[in-house]
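Colleague: Residue strings, one per chain:
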Amino acid sequence: MIPLDPAYLVGTGGALGALCRTYVGRHVEGETYPLGTLAVNVLGSFVLGLVTFAGAGEEIVLLLGTGACGSFTTFSSFSFETVRLVEQGESAAAAANGAVNLVGSLAAIGVAWLAVRIVLG
Amino acid sequence: MHDTRLLRTIEAATLIGIGGFAGSNLRYLVARVIPGPGGTLAVNVVGSFVLGFVLYEAIYAGVLAERTRVVVATGFLSSLTTYSTFALQTTLLAEPVWMVANVLVTYCLGFAGVLAGRSLARRVDGGTGE
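Sequence order for the protein chains is A and B.
Mapping of the first sequence onto my numbering: residues 1 to 121, in sequence order.
Mapping of the second sequence onto my numbering: residues 1 to 130, in sequence order.
Everything labelled a hint here was simulated from the structure, so no lab data went into it.
There may be inaccurate statements among the hints.
Listed next, the stretches of chain B that the computed footprint assigns to chain A, with coverage defined by at least 3 CB atoms under 8 Å from CB atoms of chain A [to be verified]:
#1 27-40
#2 102-116
Output of the computed footprint for chain A on chain B, the stretches with three or more beta carbons under 8 Å from beta carbons of chain A [to be verified]:
#3 14-24
#4 84-90
Sample of chain B residues lacking proximity to chain A, with all beta carbon distances greater than 10 Å (derived) [as the list claims (entries may be wrong)]:
#5 D3
#6 T4
#7 R5
#8 L6
#9 R8
#10 G47
#11 E66
#12 R67
#13 T68
#14 R69
#15 A94
#16 E95
#17 L120
#18 R122
#19 R123
#20 V124
Predicted model, so just to flag it, every value in this text is computed and none were measured.
For each residue, glycine too, the CB sits at the ideal point set by N, CA and C.
Isolated chain B (complex conformation) (with noise of 0.2 Å):
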């Protein structure tokens, strides 16, 4: 019972791992083909709409396996997007109105790639979930 549990606790660290050296890779590699919060922006938005569909999919159909969302989205996705270099680059711009445009438009994008998501899922549910 308690080597299974171990088994298990190891299993999802390495699913974890793997999920987030892929994920922060393709982030720096996203950052070096668009530098600065444009590339930041990019990772937030695509990684908050894939990070949509993959959750409410598992709200409403239930297909992916744990497995699968465990690597997915707590380790791909969510290395992949970032809060940290976000908040950053903001301190790091010259105008506070391009301070106040980055959070704004941040942020927009950031739900409306989530609610995107959720649509998808919905439709690959075939509208008979919730």
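Next comes chain A alone, as it looks inside the complex (with noise of 0.2 Å):
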């Protein structure tokens, strides 16, 4: 196989991960609630995980890991977004928001983590 510079591994995956953020945001949209954002920063943490502890290879984890999940997952999108809430009066929604968004990434990965161990003994 041609050994691929970094660049164009992380970024053919970063643009995919970018689209398939853009896709998910225009599909799974709350009234007032951002929830686009939060499908994509979990489940982006899932597969993040799974790729981290099944020990996949460098180009793999470049591919996969740092472009498409790295880009799928957006940190400015979420902190936008909650800065926007509290703007609204939404103070509550707003705090719930980052809780939400930690803890469903956070077991996500933990998810990813035994669902590894399970598959991989």
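Mind docking these for me? Both chains are given alone in their own frames, and the hints should help you get the complex.
Modeller: Here it is in structure tokens:
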């Protein structure tokens, strides 16, 4: 196999991750609550956990982990949407958004760890 | 009519893809220079600041073109910043106190970044918006 430059692997994964995030963002919409960002952050954390704990090779980690999962999930949209909720007087929803993104993503990583242990022994 | 919509979709997808390619590579570069949670913190705070500026600029002044916002905000900045790596690195920290510290520092500086971007957008607008 031709050794690929990390920039192409990360960038290709990053482009795909950004497109998938946009697709999820358009199809998962809460009335006031930013559900799309929550969905990509939890799902992306789960897949990154799988890739990391399964001991994937360096090229897979760059393509799927750093590139695709890193770009699929987003911190900037999360923080913008949280600040926006506070501005709109929805402080409780903003606090819930911060907590649910964190707990959901950490739990997803825990589930990924368990799944890898069960499958690989 | 249908052809125009298809073309617009392909155009938007191409711009998002290019932004994602560049954003993820810049994040990767920062991670090589500053490994671990420090590099992730840096991209998340800087990305939140610039996204705050771009999106509030759109709300207040609306000078930036829609196309620019798609490639910069949806493509580049959202790919530059990451929640999954932040969450994974938090779980891999040795001490619980460092885990809590990483979450608090990332959240506080991320929100502060958005607010700083907002005040910059207000200044650019010249105080006429909202």
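Colleague: Quick one: work out the minimum CB distance from D3(B) to chain A and report holds if it exceeds 10 Å, violated otherwise.
Modeller: Consistent with the label, D3(B) stays out of reach of chain A, its closest Cβ about 21 Å off (over 10 Å).
Colleague: Three residues or more, CB to CB closer than 8 Å: is that satisfied between the segment 84-90 of chain B and chain A?
Modeller: It holds, with 6 qualifying residues against the three required.
Colleague: Taking the closest pair, is the beta carbon of L6(B) still more than 10 Å from chain A?
Modeller: The claim stands: L6(B) keeps its Cβ more than 10 Å from every Cβ of chain A (closest is about 16 Å).
Colleague: In terms of Cβ atoms, is chain A entirely out of 10 Å range of R67(B)?
Modeller: Holds: least Cβ distance 14 Å, greater than 10 Å.
Colleague: Should the label of T4(B) as a non-interface residue stand, given a Cβ cut-off of 10 Å to chain A?
Modeller: holds (19 Å)
Colleague: Do three or more residues from the segment 102-116 of chain B put their C-beta atoms closer than 8 Å to C-beta atoms of chain A?
Modeller: holds (count 8)
Colleague: Far enough from chain A: is every CB of that chain over 10 Å from the CB of R123(B)?
Modeller: holds (17 Å)
Colleague: Check the non-interface label on V124(B): least C-beta distance to chain A beyond 10 Å or not.
Modeller: The assertion about V124(B) holds, with a minimum of 17 Å to chain A.
Colleague: Grab the minimum beta-carbon distance between L120(B) and chain A and tell me whether it stays above 10 Å.
Modeller: Per Cβ check, L120(B) is outside 10 Å of chain A; nearest 14 Å; holds.
Colleague: With 10 Å as the threshold, tell me whether E95(B) passes as away from chain A on beta-carbon distances.
Modeller: Given that every Cβ of chain A is farther than 10 Å from that of E95(B), nearest at about 16 Å, it holds.
Colleague: Any Cβ of chain A at or closer than 10 Å to A94(B), or is the non-interface label fine?
Modeller: holds (16 Å)
Colleague: Taking 10 Å as the cut and beta carbons as the points, is R5(B) off the interface with chain A?
Modeller: holds (14 Å)
In summary, the structure is inconsistent with hint 10 from the numbered list given earlier, while agreeing with all the others.
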